[in-house]
Structure formats: structure tokens, C-alpha cells
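Asker: Sequence:
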Amino acid sequence: MILKVRNLVVNYGVINAIKGVNFEINEGEIVSLIGANGAGKTTILKSISGLLKPAEGSISYFGKDIGRKKAPEIVAAGISQVPEGRHIFPGLSVKENLQMGAFLQKDRQQIKESMDEVYERFHILKKRENQDAATLSGGEQQMLAIGRALMSKPKLLLLDEPSMGLAPIFINKIFEIIEAIKQQGTTILLIEQNAKKALSISDRGYVLVAGEIKMNGAGNKLLSDPAVQKAYLGG
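Here this note's numbering runs 33 ahead of the position in the sequence shown, where the first position is 1.
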């Protein structure tokens with residue numbers, strides 16, 4: 034098991050955002066976390082990646098509690114996050130943005146190998162490597178954000194709303210990319226408003242409602258569940 038979250042409680046001041054959440058991810062899986070806006074999905078991701086500190090509970094990564102570790106330590110351990118809204122660095126080239134993803138690496142040869150692997154996966158980024166990242170299309174920026182996260186060679190990739198704001202043609206492409214990343218051995222925790230798409234590629238899923246897990250199961254089982262269809266799939 035790569036990640037185990039137990040009795041996680043996260044507060045924003047006096048607001049109890051996450052209320053005793055439990056879930057786990059096995060190595061090699063895609064696991065989706067679905068729920069309405071404000072349910073607490075991003076808060077959970079930020080807690081795993083060290084951007085927020087839990088009030089209670091534990092987050093275990095390969096059996097070691099990382100709930101109190103700082104974000105750079107967590108990246109160094111093998112967890113990378115692609116944030117909602119992409120957050121590429123404007124004014125820096127595509128290549129420079131990718132290099133930012135390897136900021137903890139000291140081995141130049143390893144950085145070059147990582148860059149070559151990203152360019153092999155995203156040919157358009159190679160073509161645009163000297164271009165200001167801010168001039169890329171939304172879909173290209175999302176590819177850049179994923180590529181930047183892959184530069185640190187993560188064992189666990191956290192994806193926060195990767196299809197948000199993208200044209201339909203790019204949405205399909207992004208989900209193909211997510212599946213390909215899994216096939217190459219990276220475990221993925223996916224947060225996605227497009228619940229139908231997310232569950233269709235997920236081994237398992239969890240439904241988050243107001244800071245609590247209300248349902249969980251295999252992705253295809255949740256897809257066909259009437260309650261999930263009514264709440265999230267327009268059924």
C-alpha cells in the first residue's frame with residue numbers, strides 16, 4: 034500500500050473542513066476522489082502534499098507518517114502535485130518551467146533524462162521549449178503542469194482538476210495521458226469535477242460530501258450506482 038489516510042481532520046481556523054476521513058491507495062492504482070465544489074477534495078490533497086497540516090489523524094506513505102513533514106520533504110520522498118489551475122510560471126520558458134519541477138535534484142544527467150522523458154511523452158512541449166509558458170493554450174499548459182510534476186519522478190502523482198477549463202478534445206487527451214502515466218508505473222490520486230470521466234479510468238473511487246467520505250468502491254461500480262448518477266453524473 035502506497036498511501037493510507039486515517040481519521041484525517043483538517044481545519045481552516047474555526048471551520049472543520051475535513052471530518053475524520055479514511056481512505057487508502059494501493060501501488061499502481063488510479064483512485065478518484067469525487068464530490069461537489071467545497072466538499073474538501075483539494076484540502077485533502079494539500080494535506081498529503083504538506084501544504085496544510087492536519088489537526089488530527091495520520092497520513093502514511095509506504096508505512097511512514099508524513100502528516101507533519103514539510104512540502105519539499107514530501108516531494109523528495111516521491112509525491113508530486115499538479116495543482117488546480119495549473120499554476121505554470123509566466124515569464125519563464127517551457128523548458129525553465131520543467132526545470133522548476135526538478136529543483137530538488139542535483140544530478141544534471143538525471144535532470145536531462147527526466148526532461149527527455151517528458152518531451153517524449155509531450156512532443157508539443159519540445160516544439161515549444163523556448164516559448165514563454167504563458168503563451169501556451171490551456172491544454173498545452175496542463176500538459177506542462179503534468180510534465181513539471183513528472184520531472185521529480187514521483188511514485189504518487191496528485192492531480193487536482195486536470196480537465197478544468199479545457200476544450201473537449203484536450204479533455205480526452207488529458208485522460209489518455211493519465212492512463213498512460215499509470216501504465217508506466219506511477220500511482221495516481223485524481224480529483225476531478227468530470228466524475229464520469231474520472232471514474233471510468235479509476236480502479237477505485239471515494240465520494241466526499243461536506244468533508245466526509247460517504248461512499249467508496251470500484252470505479253465501474255460507482256459509475257453505475259443510482260445515488261452517484263443522480264448527484265454527480267446527471268442521471
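Some clues are possibly wrong.
Unchecked claim - Pairs of lysine-lysine, DSS-like flavour, derived with a Cα cap of 25 Å:
1. 139 <-> 102
2. 97 <-> 86
3. 159 <-> 102
4. 52 <-> 97
5. 37 <-> 186
6. 86 <-> 103
7. 79 <-> 102
8. 79 <-> 230
Since the hints were derived computationally from the structure, they do not count as laboratory data. Since we're looking at a predicted model, the values are computed, not measured.
Asker: Hints first: check each against the structure and report whether it holds.
Answerer: Comparing the hints with the structure gives:
A distance of roughly 21 Å separates the Cα atoms of residue 139 and residue 102; the hinted pair therefore holds under the 25 Å criterion. About 16 Å separates the Cα atoms of residue 97 and residue 86, which keeps this hinted pair within 25 Å; it holds. This hinted pair does not check out: residue 159 and residue 102 have alpha carbons roughly 34 Å apart, beyond 25 Å. Proposed proximity of residue 52 and residue 97 is supported: the alpha carbons are some 22 Å apart, at most 25 Å.
Note on residue 37 and residue 186: the hinted pairing holds, with a Cα-Cα distance of about 21 Å set against a maximum of 25 Å. Taking the CA atoms of residue 86 and residue 103, the gap is about 9 Å. The hint holds against a cut of 25 Å. Among the hinted pairs, residue 79 with residue 102 is consistent with the structure: their alpha-carbon atoms are about 12 Å apart, no more than 25 Å. Restraint check: the Cα-Cα separation between residue 79 and residue 230 comes to about 23 Å, which is no more than 25 Å; the hinted pair holds.
The structure does not agree with numbered hint 3 stated previously, though it agrees with all others.
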